[in-house]
Each structure stands twice: as structure tokens, then as C-alpha cells.
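Chains as they are written, first to last, in the working numbering: chain A, 608 to 1123; chain B, 43 to 424; chain C, 7 to 191.
By construction, these hints were calculated from the structure, which means they are not laboratory data.
Please read all numbers here as calculations on a predicted model, not as lab measurements.
The C-beta atom is built at its ideal place from N, Cα and C for all residues, glycine as well.
Please note that the accuracy of each hint is not assured.
DEER-style ranges, computed between Cβ atoms [claimed, not checked]: (1) C/Asn143 / B/Arg206: 45 to 55 Å; (2) A/Lys1123 / B/Pro154: 52 to 62 Å; (3) A/Ser726 / B/Ala362: 39 to 49 Å; (4) A/Ser726 / C/Asp183: 48 to 58 Å.
According to the in silico footprint, chain C covers these stretches of chain B (three or more CB under 8 Å from chain C) [unchecked claim]: (5) 205-218; (6) 232-243.
Non-contacting residues of chain A with respect to chain B, defined by C-beta distances greater than 12 Å in every case (computed) [unchecked claim]: (7) Asn668; (8) Pro718; (9) Leu789; (10) Met822; (11) Phe826; (12) Thr828; (13) Ala923; (14) Cys1011; (15) Leu1079; (16) Arg1087; (17) Thr1093; (18) Val1096; (19) Ala1111; (20) Phe1116; (21) Pro1120.
Residue-level listing of the chains:
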Amino acid sequence: MAHGPAKGISRWLFTTNHKDIGTMYLWFSFAMFLLGGVFALVIRAELFEPGMQIVEPEFFNQMTTMHGLVMVFGAVMPAFVGLANWMVPMMIGAPDMALPRMNNWSFWILPFAFAMLASTLLMEGGAPNFGWTFYAPLSTTYAPPSVTFFIFAVHIMGASSIMGAINIVATILNMRAPGMTLMKMPLFVWTWLITAYLLIAVMPVLAGVVTMMLMDIHFGTSFFDAAGGGDPVLFQHVFWFFGHPEVYIMILPAFGVVSAIIPTFARKPLFGYASMVYATASIAFLSFIVWAHHMFTVGMPVAGELFFMYATMLIAVPTGVKVFNWVTTMFKGSMTFETPMLFSVAFVILFTIGGFSGLMLAIAPADFQYHDTYFVVAHFHYVLVPGAIFSITAGVYYWLPKWCGRMYNETMGKTHFWMAFLGLNLTFFPMHFVGLAGMPRRIPDYALQFADFNMIASIGAFLFGAAQIMFLFNVIATIRAGKPATDEVWEEPDGLEWTVPSPAPYHTFAVPPEVK
Amino acid sequence: MLNTVGRLLGCLLATAGASAFSAQATADEVQRWGVNMPQGVTPVSREIYGLHMDIFWWCVAIGVVVFGVMFYTMIVHRKANGAKAANFHESTALEILWTLVPFAILIVMAIPATKTLLNIYDTKEADMDILITGYQWKWKYEYMGDDVSFFSNLSTSRDEIEGRAPKGPNYLLEVDEPLVIPVKKKVRFLITAADVIHAWWVPDLAVKKDAIPGFMNESWAYVEEPGVYRGQCAELCGKDHGFMPIVVEALPQADYDAWIANKKQEAEKLKALTEKTFEFDELYALGETRYATSCAACHGSAGEGGVGPAIKGSAIATGAMAGHLDIVVNGSSTNPMMAAFGAQLSEVDIAAVVTFQRNAYGNNMGDSVQPIDVLKFKQQAQ
Amino acid sequence: MNQSSRHRSTHRLTLKLTGVVVGMFVFAVWIMPPLYDVFCEVTGLNGKTGDQYQAVEVRVDRSRTVTVQFLAVNNEGMPWSFEPELSSVEVHPGEEMEIRYLASNPTTADMVGQAIPSVVPFKAAEYFHKTECFCFNQQPLPGGKSAELPLRFIVDQDIPAQVKTITLSYTLFDVTDRVSLASVN
């Protein structure tokens, strides 16, 4: 088992090594992030000024749809799986994932699925244009022909996530080193364990809803078609039953990353480890009973609206607990602010702002004014961009020296951070304003009163885009010519991953370590 | 490097500033830099605004506390300042405290929210009912009990949208036929859709409800102040989702009564017009304006096609009159995107549009059709 | 755990988790839709009215009346003329009433329509019983023909006092293409 990697392209096609597969997931997700980002820049370029200057409305709808799909399924989710692949086995002292061959498959079906999805842009009728939430009947009776390929791609991505999740659960439950009890695992491993259960529970529901769509479109059924006795609102219930846990799938691993980084740079243990575990589990549980807060204007009886309002407000409690625990971890620490810490601290602050707008959205009567406006767009971009994306970026800067054995350049890292921080706030903060002032979502042109903030948002978007190029440059420069890193990389970090050399050997923990 | 970024940003902002101004007609008529929800003109809208501000201030207060502690600790507890790390890492008491306190705050927030929601769902009898149907991409308003019904289309010109004319102050928020309602009456809105899901939203009334094909939703508003209130479709419904606004004109009761009497007279006049024989040029001219509002979005402002086939050189527009009338009046049986305009346009409008299409863009058929023929075509079944 | 017992354990766990995956898919496709329909019918959610009602006990409450309004909406692309003969009636709870909708096919083609009912307020839906309704079946109409479509209904005698108006709307869909495929659920 001690031989090194194969040579050439075969290495990557056939590898069952968790480090190689993690690397592929991360590069793939970054490529998808840039692709999804290009779609976003098309959107922001058109929305720079009132009037239609650059694209037609039909194409604009394809851009908003593809931006959402690619970012959710191609960038955020695979990036977290990449981090899991690299780090979970090392963090628990395991030699690899439990099911290494399935691991290879989980990755390789993704480029296929996204190539197919991207190719829909060139098809007759264009790419999917019904929003990443693809409500029926816009996505069934009124969909372009590419919808069938969209459904196929979603099935494949879902299969990839499900296989990955099964792998993670099996790995965490069965392959921990002796002495590593569940309550000794790093929080990143806990958050991924819980996320994996969420994936296993809800990705099949997504598969179910797109299958029902497929049957309505091609096989004459009427799940979502009123004419045949069906109901478009059923679509929304089933979709969001998946959709809400899905957004927690996209943030729980982020909580884990940040919980690894802050203690290191505060030089203080994570505060309230047990509470953090329980809070994560509570959030996961609650995520199953709040789905209809995405549907407050659909025409629900008041009892339903009240229930979903209360349950949604309740999620603020465990989330708040986590924020307080991070802050208390920092408090009376001895902090330095290297790049991973900058991204992590920005995460805590800006994710909390996203949490505030989420709390406002939970208030059902107020939501009648917020729903389907840019206020919602602001909310979810705050929890996803300085939330999920910043945590991934933080994780990359934090662990890259372990992966490739070289330190990144700190000045360039900080520059990336400040550009990204400024860019994202310029882009998304004004969206709160235009949303409250009355601007709906998913429109390619807008009334004049929204012009000023839209212009600022567009400028911010291009700045944020430029920051990602900086990031790419940093990573490549580090891998090729960074200063050699020590095994510990940072000052006395906790965790088994820091006990192996930098770069981590191809096979680590072939012999399980002793965990006290 | 930072210098270049700075210069680039400066350039962008300067160009942006210049064009932002030129994009607007009368800057003072447009409420620029709006940052908040309107208070609105109904008791419900004011309650919602109050709720919104309450929750907002709670969030600000919590933010000030949490971020305050964070900024303090980031400044004081730095290694560079010589801070030595403490070692505490758990406290059950603290965990309980910061679980219960937020929970209590949530209860405080939930009480007024519940009251407002129950108020919104109040089913006390309404004074009048209006049936609102969402179409791709326009609204239809029917005054129940008064036999008045009409479509409401975006009236902003394509020239303004495509940058060939300066944008008016109500750019994208103006329609040919607003929804007129009386003030100080409880108006019930019955909301549905004829194709995909739309949503009817007027911020000043705080009414937003999904329009779902095959299903009826209801909402209501009691407008206290006369005025013009503008809203938009709030559910992605296809390519012109951003181009189907809502304009509500609230009038004092006497003015409303006059308006609706006038509308009923218009319906009578339209019936009379249907009997009239029009000149070719009258039909062509009227057809050109109708084409712009009802056909150009899909068939192109110069008949060149787009989402729909071109009118220029079209087999249907240069073919038999009966076939042309059939597809305009009854829609396409194979493609749901071509609607049945017989239900949306008057016989006069259809006669005009069909005449226009057959003769414009080089089609030059030389024929025309009278409104009475359109009526006969529609009635040939009855 | 030694290696082979770890393998067995992983194997068992993988099978269990795959079972959960399959189970959730079955739940989403075969259980959620009917569950939703039952929920809607029992609670009147979404304004869905029930199937054909068998009147059990006729006890007419003559102390009050309920206004029932009738609406007709054409789904886009449906060219028939479709309207109720009356815009509203006053009924006593428990009293059976019949009204008609008039439909007419102005095209030259034979077509089939399907009317889908929806009631507001939602809480009234469970108290609105249709003993005979043209919406129970697809409605064929040859080209150029008209039809009178009957609706017989009873407003339940136990309808809460605050409900004074029930609005019943039908959306008419063109299902000519569907007729050869599966029948209406």
C-alpha cells in the first residue's frame, strides 16, 4: 500500500485516493465557480443601467437559472465535498474513505453532468430559463426542450451527492482511529456527518420531483398540472422539502471549517464544543420543518403560515448559539489575522447579517413585502457568499500548505480578501435597499428609482470577480513556487492533520494513530 | 497594483455617474436612493411596515452587541498587543443563557407578527370583488357584478426600453389601463392565472399573492388615500416577467362611480364600433399601435420574429384570411405560447391587427377585415 | 475494529443508507402527492373541493343564507366561450341548488375541455359539496356546438356562521390532446 501515485492522466481517471479525489473536486468546483461567476457578470452587466442593452430577456432568464444551478450544484456542494475528501480521513486518522472506488465515480460523473448542463445553452430553445427553483408549469408545459437534459443532469448530480454522502457516513462511523470517540472528533467532521445525513434524506426527494416533472412533460401524467387534476403548488412543497435542507447542506460544513480555523488563530480551544454539536444537529432537524417559508404568498391557510413562521424563527436560536460560541472562542484569545482568519472573521460578521435578514424574512406578514424581491436575493447571497464561499476560501488558505507543502504569499492573500470583501459588500448590501424599495427578482430591466444601487452592485460584482482571478493566481503561485511549509504550518494547531508532513504523503495513517 | 484598481474604479464610477443621469428624464419625479419599504396607504400596509421596523431594530440591537464584542476583542486580544490566550472552553450556564434569551426575544417578536397575520386573513365581508387573472405577460381585471373587464398591458415603449428614446419617470411601471378602485372600501381581489404562475404585488397596498393556473387565491385592501400605486409581477413567469406591471388608481367614491359608468359606456360604444365599416388606413394605423403592445414582444418590433415566428413573409399572414383569423382569435393548438387573443382583444382591435399584419413589413396582401367579420368569425359556432 | 469486521460493518451501513435513499425517493413520488391531496381534501387547503358528494341527511337551515358566487376562467389557449348563467345565488345551508354553466366551441375542430374547480375562502371548501358537477368529467364539444353544463351543490349545514360568501371558480382547460392518454385522476 506504500507505492506512490500512477503517472499521467490515468492517475486522475482511475485514482481511488481521497487526496487526489479531493483535489479534483476542488479544481472542478473552482472552475464551476468561475463559470457561474461569468453568468452572474452577464446579469450584472445587463442590470448596470435601466434599459435592455446587452442581452434579450429570454437569455437573461437562462443566465439567472444557470448561475443558480451551477453555483449551488457545481461550485458550493462539490467544494465542500472536496474539503471533506481531503480532510475527513486525516482528521479521524483513517487511511482513506470507506468506499474509495465509489468515491472516484462520485467525482467523475460530475464533469459529465455539467458539460451536459452547459451544452443546453447551445440547444434549440436555449438553456433552462425557469429559475434554479424551476417551478411548474413554467418548467413543465412551458419549458424549452433542454429541460429534459436539465432533469438528466440533476439526476446525475444528485447521484454524485448521495454516493459521496454515503461514503462520508461510512467513513466517519467506521474508520475513526481507536480512541477517537464521536465527541473527540473535530467539529468539521461532525458538521460533515450531519450534512451527509441531510443529503441522504433529501437528494432523493429532488430526484423524485424532477422525475415527476419528467413524467408530466413526456408521459402524460399530471402531478403538477391542474388540467389533469394535479397542482402546481404540490411542486413547490416537494421541491422545498428538499430545498430547505439543501441550503443547510450548503452551510453546515462552512460552520465546521470556521470552527477549525478560529481556535487556531485565537490560540484558544473552540468554546462550547458539545453545544456546537447539539446546535448543528438542532439546525439539521429543524431544517425539515420550515420549508413552506419559501411559499408564504402561495395561498396557505393561516395555521400553516403561523406554524412555518414559528419554526423558521426558532432556527435562529441554535444558529445564534454557534455565533456566540465563535465570538467567545475569540474572546481573551491571542489573535493574529492571517488570511484564513480574515475570511473566518468576515464569515462570522457577514453570515450573521445574512441571518438577520433571514429572521426578517421569517416574519410571514412582513414577507408579503419581501418575497420575490431583491431583499431575498441579498439575504441568500450574504449567507452563501461571505458564508459558504468565504469558509471554503478560508479552508483553502488554511489547508493548502498541508496539501502542497508550500506557503501562500500572505500579502497576496490579504489583497484577495480585501478585494473580495469590498466587492461582495458593494454588490449585495445595496440589494437590501432596492428589494425593500420594491424591486422584484429575476427581472432583466427595472424602474428608474432602482438605478443608482444597481449600478453600485454591478461595479461591486466585477470587483468581486477580479478578486477570484487574484485567488486563482495565488493558489497557482503557491503550488509552483511558494516557500516550503512546516508540518504544523500554523502555531500549535489542533488536529491529526497537522501531525503528518507537509505536503501530506500520498497515503497517511496506514497505521492508525493513537488518540488520547 | 492597487493604484490601477483605484483608477479603474474611478473611471467606472465617472462613466456610471454620467450615464445614470442621462438615463433619467426628470430626476425629481423619481424617488432615487430609496432604502426602505413604503409605509403604504392601507391599515395593513402600515402594520406590516411597523412590524418590519420593529424586527429591524431588534436585529440592529443584537448586531451592535455581538459585533461590538467582536470588534473589541479583535482590537484588544491581539497577539501583537501582547495578549496571552486564556484557556476556558465551555460554560453550561452561558450556553443556557444565550439559548433562552434569544428564545425570549423571538417570542416578543412573534406576538405582534401573529396579530398582524390574523388581521390580514380577516374574512369580513368585502364591498366589492375584482377578479385578477395573470397572463403571459399582462393582467386582466374583471369587475364582478359590473360587467366591466379589460386587459392591462405595459405601456412603456420599446424605444424607451431599447434606448432610442429617453425614459419617462414611470419607466416600466405604467400601463394602458390601470385598475381603478374606490378609496375607503374593502376591495377583495380574486387572483388566478391563465398559463403559468404569476404574482400580483402592489407595495403601497402590501398585497402580494401568487396567481396560480387552475386555482383561485384571494386578498384584500382598504385604501385610505386617493392616489396612483404601482407594482410588479412577483413570480418568474417567462421572458417578460419584468414587463407586466400593475397600476392601481384609487379614487374618491364619486370619481370612481363616474369612472365605472364611463367604462360601461365604453363597452357600449365598442359594440357600436364593431358594426362600423372602417377605412383601410384607419385599420392599418390602429393595427400598428395594437401590434406594438400585443404582438411585438414575441414577433419583433419590425415583424422580424423573435420568440415567435416572423410576421414579415409569414405563410399565415400572407395566406387565407380564415386561417389568419383562426390563429389570432383561437390561439395555436400546438404551441401554448401563442395565446387565444379572441378573449383579450376586441373585434375592432383584432380586425386592425390582422389588417396591419397582412399589409406591413412587405406583406402587401392588399386585403383587410372588418370588426363585424371578426365577430361573425367568433360567432360562427353559436 | 479489525479490517474485515470493518468491511462488513461498512457493507451493512452502505446497504442501510442506500435503503434510506430509495425509501425517500419512493416517499417523494408515491407518498407525498397522495398525502398532499388527502391533506387538501380534509382541510380544504388550496380551495380544492371534493369528489361527488352523497347527501346523507338533508337538514336545511332557513335562518341564514350564504351567497355563492360563480366565476369562469379560461386557461390560455382555450377559445371556448364559458360563463355561468348566474353570477351568484343565495342558498340556505343544507339546501340543494342547481345552476348551469354555458360553454360554446367557436372553432371548427372537435375539442374536449376539462373544468377545474377552486373555492375561496379555503375554509369554506370543505363545506361546499357538489352532488353533480360537469367538472367530474371531461367535456367533449364538437366544433361549432354549445352545451349547458349542470352543477348541483349543497352548502353544508354546519358551515361556520362567519362564512357569508363562497366564491366558486372553474378554470377551463383544453384537454383535447390528452384524451387519448391517461384519464383524469
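Subject >> Hints that the structure is at odds with (numbers, increasing) >> reply: 4, 5, 7, 13
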